[in-house]
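Novice: Sequence:
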Amino acid sequence: MEQQARLYILATGLGLSLTICLVMFGLWSRQTDLIRWQADQAADSIFRQLVLTRQWSSEHGGVYTLKKPGELSNPFLADPDITDVNGRVYTLRTPAAMVREISQYAEAGSAVRFGIRSLKPKNPQNAPDPWERQALLSFERGSPAAIEVVRRKEGAVHRFMKPLHTEASCLACHTAQGYRVGDVRGGISITTAYDPVQTALDKTLLGMALVTAALVLFVLALLYFLVWRLVTRLARQTRELEAASETKDRFLGMVAHDLRSPLAVIYGFTNLLLEAEPGLRERETLERISRTADRMLRLVDNLLDVAAIRKGRLDLKPTDVDVSEFLRESATLNEITGRAKGIALEVSCPPDLDRVPFDKERLQHVFDNLLSNAFKFSNRGTTVTLGASRSADSLHLWVQDQGCGVREGEAAGIFQEFNQGSSRPTAGEKSHGLGLAIARRVVEAHGGTIAVTSRSGEGTRFTVTLPLSGSGPSTGGGRRVNGADPTGR
240 MEQQARLYIL ATGLGLSLTI CLVMFGLWSR QTDLIRWQAD QAADSIFRQL VLTRQWSSEH
300 GGVYTLKKPG ELSNPFLADP DITDVNGRVY TLRTPAAMVR EISQYAEAGS AVRFGIRSLK
360 PKNPQNAPDP WERQALLSFE RGSPAAIEVV RRKEGAVHRF MKPLHTEASC LACHTAQGYR
420 VGDVRGGISI TTAYDPVQTA LDKTLLGMAL VTAALVLFVL ALLYFLVWRL VTRLARQTRE
480 LEAASETKDR FLGMVAHDLR SPLAVIYGFT NLLLEAEPGL RERETLERIS RTADRMLRLV
540 DNLLDVAAIR KGRLDLKPTD VDVSEFLRES ATLNEITGRA KGIALEVSCP PDLDRVPFDK
600 ERLQHVFDNL LSNAFKFSNR GTTVTLGASR SADSLHLWVQ DQGCGVREGE AAGIFQEFNQ
660 GSSRPTAGEK SHGLGLAIAR RVVEAHGGTI AVTSRSGEGT RFTVTLPLSG SGPSTGGGRR
720 VNGADPTGR
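So for the sequence shown, the numbering used here puts the first residue at 240; every next one is plus one.
Because the hints were derived from the structure by calculation, they are not lab data.
On a predicted model such as this, the values are computed, not experimentally measured, just so you know.
It cannot be assumed that every hint is accurate.
Pairwise CB distance ranges, derived in the manner of DEER restraints [said to hold, decoys possible]: (1) Leu376 to Leu273: 29 to 39 Å; (2) Pro314 to Arg352: 16 to 26 Å; (3) Leu266 to Pro314: 52 to 62 Å; (4) Thr477 to Asp272: 26 to 36 Å; (5) Leu469 to Arg578: 55 to 65 Å.
A virtual CB, placed ideally from N, CA and C, is assigned to each residue, including glycine.
Start from the sequences and build out the full structure, keeping to the hints where you can.
Specialist: In structure tokens:
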């Protein structure tokens, strides 16, 4: 039992640890997705700002800025420069040029690089790299965006690209390329450093791993110091209790055995004195002594049977028994108890019953208990019947009284040890709740069953059914029956 408890605790600890690890893995996965989503949203925000900037520039036909000394004009425009009345030269900044120059500022200050890319660029600087080309081709097939974290030697980068659709303001510069309004003219590619994000994620993962390890160690330590040690202590106490119980049973058996002999002598000599027809006063005293000795003998026999059953030493010694004679002997041994309460005992037995193999002494004890109970719960002037009948493969022995009966719902529990039910003996006799439990165990050891039928206020019938062949005991040798307690549980 202790080993099983240890295995159970170990399995529980591993199960809890696995659960914690799975929960932490789920949190890690969620955290990874969240950080990735934040990177996607940051890139998308840059994309929207660039689209607005480009849209404003396109709708205004571009922006002219003062041409700096040595600055080259846009070679892809027919008339990129204008001169004001003061002779100052201004050059045209197209939307693509504006995006490219803003990207240079961004890359220098925040490691963010972006630009307009096209499969049919007018400016070679707008030509796509392989990843961007695949993204542009997917846009033409209807894909809304291309997002990927790319691992490079110099570090991981977050790549983000969305398509640019041709608008009416774009046709002034791109009609010659065959674009129409609504066509995918290209896309804005945004590249940001992902290493800082990955570093933050790694720190988060390390923290989560440390928390997971701490939780697992805490759970295991808690199980060990509280549950494991408690189970160990309980196992030790269980062994001590079992040893004490065994000592108690051994002592009980010895005491009961030593008490039985003098009680039997008292009971026997009392009955001899009663047969000598003493006076009324002496008879009352002798009958009281006889009843008391008989009750104590039954209790001692019950205690001996309990001790034997708990030790697994309930030996059966079946012999071929004349059933009619067995019932008459049982009636003779128990009628004095009924006569003392004014209760008649009758025997109902057909003459054609054959001899049946069973342990006569053990079964006699069973019917002593059944008849004793019948007398206890019957009123003066009633009758208790001890009977037998036979079917094709079973022998039925029964005790029927006209007492108070067993209340509904209590029948199943009356065969349990020390269960006395709610009914009380009619003359206040003492009951220890052992007789029916022992009777059930002895009958089951014979391969039989014991059943009760009763209606409150109409009496009770206990029926012992023994098999005539097959699983019943055989003659010619003893049979030891193992059991933990008289109820067979």
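Novice: If a hint holds in the structure, say so; if it does not, say that too.
Specialist: A quick look at each hint next to the structure:
1. Leu376 to Leu273: 29 to 39 Å: About 30 Å separates the Cβ atoms of Leu376 and Leu273, which means 29 to 39 Å holds.
2. Pro314 to Arg352: 16 to 26 Å: The hinted range 16 to 26 Å holds for Pro314 and Arg352, with Cβ atoms some 23 Å apart.
3. Leu266 to Pro314: 52 to 62 Å: Taking Cβ atoms as reference, Leu266 and Pro314 lie about 55 Å apart, which means the hint holds.
4. Thr477 to Asp272: 26 to 36 Å: violated, 52 Å
5. Leu469 to Arg578: 55 to 65 Å: For Arg578 against Leu469, whose Cβ atoms are near 58 Å apart, the range 55 to 65 Å holds.
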